[in-house]
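Protein chains in written order, with the numbering used here: chain S, 1 to 210; chain V, 1001 to 1456.
Heads up, a few of these hints could be off.
So the derived label-pair ranges between C-beta atoms look like this [as the list claims (entries may be wrong)]:
id, chain 1, residue 1, chain 2, residue 2, range
1, V, Gly1415, S, Glu47, 20 to 28 Å
2, S, Asn134, V, Asp1003, 42 to 50 Å
3, S, Glu74, V, Met1451, 34 to 42 Å
4, S, Ser205, V, Glu1095, 52 to 60 Å
5, V, Gln1101, S, Lys201, 50 to 58 Å
6, V, Glu1205, S, Lys165, 24 to 32 Å
To give an idea of the interface, some chain S residues facing chain V are shown, with a C-beta separation under 10 Å as derived from the structure [to be verified]:
id, residue
7, Ser30
8, Gly31
9, Ser33
10, Phe52
11, Leu59
12, Ile108
13, Gly117
14, Tyr121
15, Cys129
16, Met150
17, Thr154
18, Arg159
19, Ile163
20, Gly168
Which chain S residues face chain V? A few, computed with CB under 8 Å, are given here [to be verified]:
id, residue
21, Met63
22, Tyr70
23, Gly90
24, Glu98
25, Ile104
26, Thr153
27, Thr181
28, Pro182
29, Ile188
30, Gly189
31, Tyr192
No lab work stands behind these hints, which were simulated from the structure alone. All C-beta atoms in this analysis are idealised placements derived from N, C-alpha and C, irrespective of residue type, glycine included.
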Amino acid sequence: MQEIVESLRNSVIIGDREETKKLVEKALKSGMSAKEILDALTSGMNEIGRRFEDGEIFLPEVMLAADAMYAGLEILEPELLKGGETSKLGKVVIGTVEGDIHDIGKNIVKIMLQGAGFEVYDLGKDVPCEDFVNKAKEVKADIIGVSALMSTTTPGQKRVAEIAKEEGLKVEIMVGGACTTPEWAQNIGAHYAANATEAVKLAKSLVDRR
Amino acid sequence: MVDWLTLWDKVNSGPEMEEKRFDLKIYKIANELKKNYGIVFDVSNGFKIEKSMMRDIYDAGFNLFLEIGSYCTSNKKIIKISEEDIKEDLKKVKEKVRAGQGKESIIIGGNKPNDRSNVIIVGGPCACPISEEIFVTVMSTYANEPKVNALIPGKLQKIKGKDITMRTPLEMFATREEAKLTRKATELSNRPGMPIIGIESVSSEAANFSYGNDGLRNTDIHEIDPINELKISFETLKRILFCQKNNLSTTTMMCPVLGGVAGGPEETAIVTVAEALQSVCIVGGDMFTFAVNNIHTGSGTDSKSLWVDLAALLALKNALPMVVSTLIWTASGPCTETVILEIASKTILDIACGADAIMSAGCTKGRLLDCYTGMEATICAEIAHSVHKNKLSLDDAAEISLELNRGYEEKILRGELPVPKSFSECYSLDGKPKKEYLDIWNSFKSKLKDMGVCLV
Chain S
1 MQEIVESLRN
11 SVIIGDREET
21 KKLVEKALKS
31 GMSAKEILDA
41 LTSGMNEIGR
51 RFEDGEIFLP
61 EVMLAADAMY
71 AGLEILEPEL
81 LKGGETSKLG
91 KVVIGTVEGD
101 IHDIGKNIVK
111 IMLQGAGFEV
121 YDLGKDVPCE
131 DFVNKAKEVK
141 ADIIGVSALM
151 STTTPGQKRV
161 AEIAKEEGLK
171 VEIMVGGACT
181 TPEWAQNIGA
191 HYAANATEAV
201 KLAKSLVDRR
Chain V
1001 MVDWLTLWDK
1011 VNSGPEMEEK
1021 RFDLKIYKIA
1031 NELKKNYGIV
1041 FDVSNGFKIE
1051 KSMMRDIYDA
1061 GFNLFLEIGS
1071 YCTSNKKIIK
1081 ISEEDIKEDL
1091 KKVKEKVRAG
1101 QGKESIIIGG
1111 NKPNDRSNVI
1121 IVGGPCACPI
1131 SEEIFVTVMS
1141 TYANEPKVNA
1151 LIPGKLQKIK
1161 GKDITMRTPL
1171 EMFATREEAK
1181 LTRKATELSN
1191 RPGMPIIGIE
1201 SVSSEAANFS
1211 YGNDGLRNTD
1221 IHEIDPINEL
1231 KISFETLKRI
1241 LFCQKNNLST
1251 TTMMCPVLGG
1261 VAGGPEETAI
1271 VTVAEALQSV
1281 CIVGGDMFTF
1291 AVNNIHTGSG
1301 TDSKSLWVDL
1311 AALLALKNAL
1321 PMVVSTLIWT
1331 ASGPCTETVI
1341 LEIASKTILD
1351 IACGADAIMS
1361 AGCTKGRLLD
1371 CYTGMEATIC
1381 AEIAHSVHKN
1391 KLSLDDAAEI
1401 SLELNRGYEE
1411 KILRGELPVP
1421 KSFSECYSLD
1431 GKPKKEYLDI
1441 WNSFKSKLKD
1451 MGVCLV
């Protein structure tokens, strides 16, 4: 079993979709629990996250690893549900705020959140403020993540927080991006994440206390 | 000049591709080219690149652009330019760009790694946030610096107390206001003919509206902002059309992300060259301005980013007579020794590599309100001119740049930066820098002199 766990972890790390799918099937046939397989996949993504933050790898490798993990999760998800388990720690609606077309950072956060076990609804870039709140209502999200990379688009983060409050939505707002600061987040009643690793830690702590 | 209708046909007739697949393809091809050409990032022997590698980086960038083209995010199609057309466009690349009026008129271009006699300094907050109450005062501190040749405005956050929301009429009002207030600063400094470079906006409507009676002139340089990496949108096309039809001089502004889709330093240098070719063949920019941004530091002055500058500038400047400028994006802020080190390290290197102009500076990674001053332009200007005046060889400049970089690299990587001062903490009411900032700068000048760089 340890050999399969290692192989699963490595297939995610090297971004091999097909190998990951084969290994997940092999692992299920061998009697491994869905949870054990999920942990192996997640450990691969965690290693990818560490290597990215340390500058050893770059965004494309993260994207390929995530693809491999998603491919494995597709096969695994029904098995997890059968066992009454879920791979999902919580639900996050994420996007780059209206008027902003930068999405590299947001994409990394999305991938790492999914890797950590969150169900992520990615609205893309240049997203109208009310769309964040509407989607969060629709899917009963725990967290709304709003990215802004320009000083002129950070007011959109404030607007999302305001709309959520006006509509009485019980949701945590998480903000990040090149022009966002902890002070800004505090001013608008949101939580600040400096990078993808911090975003995952923050998201976990926010769902834990809900 | 790019024929707009031909470009429009290409935008609409190319094959469709998912954006994510295009991104992965950029990296895959750039990575293969890096290996095929043997391009290696190595600063263990300093910031050095062999002449053969300069050519290889250019050829790799050319081949990347040839193979992958550009991507239109609006219709998810690839725009491919044939090798013949790329070469034809490159034959017509502009060698010089004129800007400004009267005694403030300037010519940008003509620098090479061994000839930096025409250094142009563009001073300004580089689209970083400035309060409306002090906008003119801040811009005046850049205009008052005699060695600054042109201005690049900051971004207003509010107009008459109202938050500026993107893609609204107020944003259009704001871009015109940014141009108008910057012009006012030039008038107060008795330099009404000074050229302005701008105005940044993702909305073509807003960017276009900055041009007009009390806004930008046809003697200014108008900014066109494609998307990284190697992407444009219908907004970019509208902007290109507007600038062409109004016969405006333009600069393409790119911020290649090191560690992003482009990958590592080698791939990012290759992608930067490809984006310079995109500027010529698709955007039709008269100038190409780039500011490498490291995904981890959020700034462009760490050693990997500086190496990309070195590689891309030398590759382009040795291969083409095109006008290339760079923009300084620091992690630290005003009135700190760190910001001076960052500006100095990048300025010495970029000017030695033949950059025709350098824009100084977007500090604090653009995060903080009102943390930008004319001193950052003064510092850049004095150092930039000293490269030519001291007849620094590329090797000497590279060595000095790396030594300066060692003074702040770890701080940037660990995020341990000194607390910056705001504009009003750095400058007195009469628009002069305060003693504290001047003392830090003067002390630094002595250190530079010991390193062989005398500021004249």
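inquiry  = For a quick check of understanding: which of the numbered hints are violated here, in increasing order?
reply    = 3, 7, 8, 9, 13, 14, 19, 20, 22, 23, 28, 29, 30, 31
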